[in-house]
Amino acid sequence: SQQGEEDPQALSIQEGENATMNCSYKTSINNLQWYRQNSGRGLVHLILIRSNEREKHSGRLRVTLDTSKKSSSLLITASRAADTASYFCATDAGAQKLVFGQGTRLTINP
Amino acid sequence: DAGITQSPRHKVTETGTPVTLRCHQTENHRYMYWYRQDPGHGLRLIHYSYGVKDTDKGEVSDGYSVSRSKTEDFLLTLESATSSQTSVYFCAISSGLAGATSETQYFGPGTRLLVL
Numbered sequence: 032s033q034q035g036e037e038d039p040q041a042l043s044i045q046e047g048e049n050a051t052m053n054c055s056y057k058t059s060i061n062n063l064q065w066y067r068q069n070s071g072r073g074l075v076h077l078i079l080i081r082s083n084e085r086e087k088h089s090g091r092l093r094v095t096l097d098t099s100k101k102s103s104s105l106l107i108t109a110s111r112a113a114d115t116a117s118y119f120c121a122t123d124a125g126a127q128k129l130v131f132g133q134g135t136r137l138t139i140n141p
Numbered sequence: 561d562a563g564i565t566q567s568p569r570h571k572v573t574e575t576g577t578p579v580t581l582r583c584h585q586t587e588n589h590r591y592m593y594w595y596r597q598d599p600g601h602g603l604r605l606i607h608y609s610y611g612v613k614d615t616d617k618g619e620v621s622d623g624y625s626v627s628r629s630k631t632e633d634f635l636l637t638l639e640s641a642t643s644s645q646t647s648v649y650f651c652a653i654s655s656g657l658a659g660a661t662s663e664t665q666y667f668g669p670g671t672r673l674l675v676l
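Each protein sequence line maps, in turn, to chains B and Y. Take the first sequence: its letters are residues 32 to 141, numbered as in my numbering. Take the second sequence: its letters are residues 561 to 676, numbered as in my numbering.
Keep in mind that the hints are not guaranteed to be accurate.
[Said to hold, decoys possible] Below are the PhoX-like pairs computed for lysine-lysine, each with C-alpha atoms no more than 20 angstroms apart in a straight line:
1) B:K128 x B:K57
2) Y:K617 x B:K128
3) B:K57 x B:K100
4) B:K87 x B:K100
5) B:K128 x Y:K613
6) B:K101 x B:K87
Calculated from the structure, these hints are not laboratory results.
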């Protein structure tokens with residue numbers, strides 16, 4: 032079963048615009064992580080936010096976590112063509128396991 | 561990049577044949593994972609290992625077995641491949657230093673398997 036569900040499934044924006052992706056989950060978590068996957072490649076870790084954190088930044092990435100709503104969002108500011116990828120949220124399933132959502136496919140148009 | 565390699569990177573095989581995929585790491589991480597990725601399903605955990613000879617099942621373990629005889633190697637075996645096992649397989653590792661709380665996982669490049 033998949034706990035994290037991303038929304039939207041696909042997103043297409045113009046270069047320079049901001050992209051926002053959302054993740055909802057069902058049970059309580061210790062942390063939530065976001066990963067990026069370029070076409071044909073393995074996943075790359077972007078950011079981890081713990082359950083006692085509400086917001087975290089890394090470069091052009093901003094992640095928020097609302098444990099009361101069981102949701103998280105990933106904001107990519109000033110998007111670039113290189114940001115074209117699929118983005119996955121992953122929730123802590125205990126015992127060092129993660130449960131991944133189905134991902135959001137982000138396309139940045141020049 | 562984390563030192564994770566997968567072999568082979570691509571494989572075509574026939575239904576009913578055994579297939580073994582190898583994951584090799586140079587990070588000395590305790591935890592290793594095998595996932596499969598299919599359209600519409602995201603990544604699903606097949607098996608994972610929390611140490612040499614210590615393995616456990618994931619969400620979609622039927623039809624798969626694993627072995628870990630050395631810290632650096634984690635093998636995934638399809639005893640008798642079926643067309644439903646056509647997928648992209650990813651290996652991942654994590655250090656496990658944070659105890660029970662999940663940490664960052666580092667992924668290999670993937671193996672594309674086609675079962676005819």
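Status of each hint after checking the structure:
For the hint linking K128 (chain B) to K57 (chain B), the alpha-carbon distance of about 16 angstroms falls within 20 angstroms, and the restraint holds. Taking the CA atoms of K617 (chain Y) and K128 (chain B), the gap is about 11 angstroms. The hint holds against a cut of 20 angstroms. With a C-alpha separation of about 9 angstroms, the suggested pair K57 (chain B) and K100 (chain B) falls inside the 20 angstroms cut-off, and the hint holds. Our distance criterion of 20 angstroms between C-alpha atoms is met by K87 (chain B) and K100 (chain B), whose separation comes to about 17 angstroms.
Distance hint between K128 (chain B) and K613 (chain Y) is fulfilled; the C-alpha atoms sit about 18 angstroms from each other, no more than 20 angstroms. With a CA separation close to 16 angstroms, the supplied pair K101 (chain B) and K87 (chain B) stays within the 20 angstroms bound.
Checked against the numbered hints above, the structure breaks none of them.
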